[in-house]
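Student: Position chains E, H, P and U against the provided structure of chain L, taking the given hints into account.
Residues per chain, in single letters:
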Amino acid sequence: MEYNVLNIGLIVLLPFFAFVINSFIVKKFTNLAVGISCAAILGSFVLASRVFYDFVFGKYSTNYHVHKTFEWFNLNGGGQDFTMNMGVYIDNMSATLLFMVTGVASLIHIFSTYYMKDDKRYGRFFVYMSLFTSAMLGLGLSDNLLSVFIFWELMGFCSYSLIGFYYEKEEAGNANVKAFMTTRVGDVFFLLGILAVYWQVGSFTFVDIYAYLATGGMEGVMVLGIPLATFAGIAIFMGTIGKSAQFPLQVWLPDAMMGPTPCSALIHAATMVAAGVYLSLRMYPLMEAGGLLPFIATIGGITAFGAATIALVQTDFKAVLAYSTISQLGYMVLGIGVGSYNAAFMHLITHAVFKACLFLSAGSVIHSLHDHHTHAHVQEMPRMGGLRHKMKFTWFAMWCCTLAIAGIPFFSGFVSKDRILGDALVMATYNPYYWFPAALGFCGALLTAFYMCRMMFLAFHGEPRDKDLYDHVHEEKFSWNRNLPLLILSVFTLGVWFSGSLTGQKLVKVAHEKIEWFDTLIAEPKLEVFKDYQSQEWGSRDIKSTLTFSKSVYDSTHGKSEEEYHHVHKVHVIGAWASIFIAFGGVFIAFMMYIRKSWNPGWWVNTFSGWYRALQNKYHFDDLYIKGVIQKGLLPVNNFLAWLDMGIYDKYAIDGWEKVNRCAFTISKWFDHIFVDTIGVDGTGASVRAFNVILRTLQSGKIQFYFIMIVLVLAGYIWSLV
Amino acid sequence: MNESLISYLSQFEGHQAFVKMASEMAGTDLTSTISFMIYLAAVLAVVGVMATIGGLGTYAERKISADLQARQGPNRVGPFGLLQMLADGVKMILKEDIIPRDADKFMFVIAPLLCIVGVFGSLAVVPFSSGFILTDLNVGVFYLLGISSLVGVGIFIGGYSSNSKWSMLGGMRGASQIISYEIPVTLSIIMIVLIAGGMSFGTLISGQGGFPHQWYLFHNPFTFIGFFVYFIGALAETNRAPFDLPEAESELVSGYHTEYTGMRFAFFALAEYIEVFVVCGVAVALFLGGYKVPFDLGNGEAFSALPPIIGKNIGQFLQLGSFFTKTLALYYVVIWIRWTLPRLRVDQLMTLCWKYLTPIALFNLLMVAVWVYAFEGQSMFELFSSMGSGSSGGH
Amino acid sequence: MSSHNLDVYMPILILMGVGVALVFGAIIFGKLIRPHNPTRLKEQAYECGEDPVGVAWSNFNVRFYVVSLIFIIFDVEGALMFPVASVFKKFNEIGRGGLLLCTLSLFVIILISGVVYCWKKGDLDWVKSFHLDLNKDSESKKVEA
Amino acid sequence: MFDSVLFISSAVLVLVGSLGVLFIKENLMHACVSLLTALFGVAGLYATLGADFLAATQLVVYVGGVVILMLFGIMLTGGGTSNENKFGIEKVPGMGSVKTYIVAGVNVLVISLIVIRIMANVMKDYKAVPLPPYESTVEKLGTLLVTDHVLAFEISSILLLGALVGAAIIARPTRRTN
Amino acid sequence: MASLYSYLFLSFFMFVIGMAVMIARKNVIAMLLGIELILNAAALNFVAYTRFINQNLDGHIMSLFIIVIAAAEAAVGLAIVIRFFQVRESIHVDDATQLQA
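Protein chains in written order, with my numbering: chain L, 1 to 722; chain E, 1 to 395; chain H, 1 to 145; chain P, 1 to 178; chain U, 1 to 101.
If we strip away everything but chain L, and leave its shape as in the complex, we get:
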């Protein structure tokens, strides 16, 4: 069995080359640059689908992975041999991730050719997008934590550039700094975690880490009084918290919508926020070993619920979506926390699809709503309403996604979210602590269904509230680069693509057991198999490896006993019905409030006005960070340092030095005058003048004279030698 690694490398390199080429030509050949970017990402998509096909349906079936390394650099010295390897690691999860990222990114690229067409930095946007996509793909292919970190930071830089794309706007400038700084907090911990892992394991490679965990080498190792696995796990999970906008570092993500809408789609759906979850999934065995799962589940539950509550009161179209992103990421983290490995990843994929679609639809809406007085795009929902008459395609696509995210049956969100919630319930029956995150998750699901429908009803249904704005909206005509991505994405919000059946039942039959195809794909790495694993060097052709993964945690419960399996199944059924009821409940409440108008939202606002203000202020997190952390914590430190600099160092060190210099200057002036000028300079001049007379006759400026001199001197020299 052969696999050409070059194909895999090209997946990353194509967008990267596009970035390199485009950065040179973008100013003069904007359209060409855009074409190159789109072609590159489409090319990546083709290659990635080949890889995806090979891994998921094709010759590699479910039990293979590819791990190839090459030596990056080698530091030998001081008796230490340190070889840094880079490589690719592909298993089903990376293959699926690559397929999703390239696919969604391609569609976003295509949509951007519509959305950004009239922007003055049309080309530069694509330059960033190419680098961004390339970094995410590189992260997906990385086989070790260090290269993950490199791509991670590269993505951080790109998101910084893209969020601050309209850098003329002050808010955009602030937003990108905020995003950058906030994620930096997580990144510092992440780096700390990497170093902690390296300190003990001696390698950055995932496989080596798994093998080390399998041998139990980490047990009993303490750092700062806590087990190393816990320490490293928390540190690395802090990276996830920063990147995936988990509580308490979620504040950057809502501001990230300052960037152009397609880039929001890319950041919120396919790439950046997914990277954090992906990292946690990769490091799942470490987290498990560190006993971090309850903590992770709690963080996820809090994020899922808290962000959903904030989303309730947002009036900005994109802000709702931004908070829904945070909330959904919370579900993924919750999934990791309750051991629902493949459901978490599945939610990552389904969320990427419907969230990309939502953002692109939002872009389509915002692009059409052009205020003729302020010459700005309108994002405020109170000024919308009734848009479904004008924008049928967008309306349709957006409803598909809304139903998906709300967890309505037959849509993808139901398939994945239901399983996370079900697993949370199962865990709760084992460990009562999990009732807390599970309950938060269910409440969040209700709120999700409500606020998404609220957004849809406010924007698309009812009567237009801003008549002037409404009249200027053009009828949406089908154009390929605007509506095609929306339609494709909305088709993929159907649950059938992910569950294999319409109702979410398990149809694929593998070994006397009906499971969903996702279950056959994604599985938590089973540590024992990595014990004796050797990675292949780059360039060897045969990379077959015979690792067998367990199916998943989910199915491995079946392995325990018949009784437990029935228990799990029973709980799942309950969970499924509960989430269906909750989803429909949310939709119903929204319907009553905004369509039928039987229930007045104002009553809720008045009754819970304190809560309302808190929600509007996003639980005062920004204030807390600015007033509490920065002003109370950092500013005094800064002032102290400034005082140290100006009051102590400048005053005594610099000024004192000046006095010393003045003294030295006086001495040196005297010395200079006597010795250097009189004896040195004048004396040299006199002697040079004396030699000058001799040398001047030689320095005739006649080349041939020089040549003769050279010949004669050389002749004399050789004569003396021979």
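Please keep in mind that the hints were generated in silico from the structure rather than gathered at the bench.
Mixed in with the good hints, there may be bad ones.
Simulated crosslink set (DSBU-like; lysine-lysine; CA at most 30 Å straight-line) [stated by the list, open to error]: (1) Lys120/L <-> Lys42/H; (2) Lys27/L <-> Lys355/E; (3) Lys105/E <-> Lys42/H; (4) Lys120/H <-> Lys355/E; (5) Lys632/L <-> Lys526/L; (6) Lys95/E <-> Lys105/E; (7) Lys105/E <-> Lys120/H; (8) Lys91/E <-> Lys42/H; (9) Lys392/L <-> Lys467/L; (10) Lys31/H <-> Lys28/L; (11) Lys355/E <-> Lys42/H; (12) Lys91/E <-> Lys31/H; (13) Lys27/L <-> Lys121/H; (14) Lys105/E <-> Lys127/P; (15) Lys597/L <-> Lys120/L; (16) Lys95/E <-> Lys42/H; (17) Lys27/L <-> Lys120/H; (18) Lys28/L <-> Lys355/E; (19) Lys28/L <-> Lys121/H; (20) Lys95/E <-> Lys120/H; (21) Lys627/L <-> Lys169/L.
Tutor: For chains E, H, P and U alone, kept in the frame of chain L given last:
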């Protein structure tokens, strides 16, 4: 490899026997002497043929131009005016030989000599057939480039020595034009060398076949472009219209040979016509399959029923026919172009060379290198046919 | 690779000898049969029927030189590329074609960068470099301003 | 037999050409043609030494390139003759005088002494070995150029780039300064 | 038949003639011609030694690069000469005694 006429001949028993016999008779080794005699005879034959072709060239030029312009052309001297070239030759010899008073006499004499030596030197490696190539040097085509650059020197000196403004201008233009256009020609030749893996004409032609799809012209898209680059460059190098600026009648009277009369002028003209033939021959050898005959008739194995000396020689004659047919066809195209296209301006000439042909040739060179690397030297048709045979897939 | 002796160069020498003999032979032979009556007018250089003014050997425009300069650089590069090109096929067959491709590409790209420089600076423009002489004054004024 | 013919004719060309470069005084053009002869002869010598590729390179680079460049250079600096010049007799291209030739002769004598002394030493040790047959050098040269000498190969391209750019800058037509 | 010494003699001959040209001539271009002769002499030496002494082709490579350098030298040297001629209206070598134009 270094095949040559002698190495072809020495595979026949008769030749070996003759050399042995002669050596025994004379008492010393006469191999070299006999080689010299054979070469001398062959060279005289080639020069004779070339002189005829040069003469025929003038005749053909007039006849074809007449044809293109719906005139009669020379038709009085001999049948169809065929003897016109003889008449011209006689006239040339009988013309008075004038050397201008102010001219640089030594240079004036030496200029046509350089042209003739350059052109004759290049005849040594022209592959007329697999056997009848005077000498197939290892560095054949590179040698040809070098020796034919003597013509440029000759033209420049011819223009310089006359001490006439027209000649001087023509000579300067001629030299700069020839050297400029040598670049795309060289690059196109490197391109073919890269595919063929050798510089000798034997190697260059052996990579091709008798059928058009086996020619390097159709080896890949870039050689197809390269052929036209080469051909345009070759036209310019031989000062043929539309690149005949050095002798532009309407501006420079007659260019670098304004002051030349009689036989000296005739040598310039002869050199030009033979050079046209040579570059056409090289184009044929590089791009159009050279002397190759379809179905491998040329190597004589098809006539194995006959005795080898007859069979092989039939093959040789077929090859000669193939080579001359293609070359003369190109020769016709050259004349056709001359009477069809208007002359370029001098700045257009330089622009064409440096801003179009040279970049294209460089690009072609790189692309052919990439092609050879990527497809392991297969041609387009081999690729298509291998695709058709279903060997697609794995490496 | 078979060896050879120097006889392969024989035809070249013979051809050149024949060429020289032909030129001198024809001229000497022609001397016997052609007229020879030089006159002053006949021996004058042709200048549209007028008496020639001065000599033709005045100095010429530099652009001729620049062209020949670029040519010689290319010529030498070509000479260096020929042996590399002729081993390309062999290296490709043993699987080292990538190495040669990189070498050759680097070589050609460096070469191209020189041409691009000359192109940008207008050394390849026949007419522009001619105009430069005439317009230089106004250009330098512009620069001063 | 033919080897000797080739060698002798090449050597004669070299000798005659070199002497021509030295002693042709009245016209630089003639000296240049004489140089052409010498270089042609060197190409012939290369051929007798079995360096077929170098012989062809000699032809291509020198005959086709350098000599033409020299001829252009001579024309650009006002013709080569000593008696006629755009700038009058006063600014003749110096072809040397008896004095300079005498100095040159002295130098030649000195160098000859040195060389004879060196050669005397070398000849003592040198023993003629049987010469190998002539072989094509093209492929070996190509292989050497891309393996052992690849750095020189690439650097030579940079050298040529520098030469091109530098010479183009220097020779670019500009307004004459005073 | 030609021995090593005949080549060395020819090389020596070209070298001293080139040197003499460099010294005797006052014309810069003529001096450049002399330099060409000197360089050719060196290249010829390399090839001759390759043929007669050790038969590996490093000498050829040296000669090849000598040719390359000679071409570059000729190009730049002539450019300087032409520039010099434009400035000084002379190519007499003794006029080139000042560093400033």
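Student: Checking each numbered hint in turn, tell me which of them this model violates, lowest number first.
Tutor: Failing hints, ascending: 1, 5, 7, 10, 11, 14, 15, 20.
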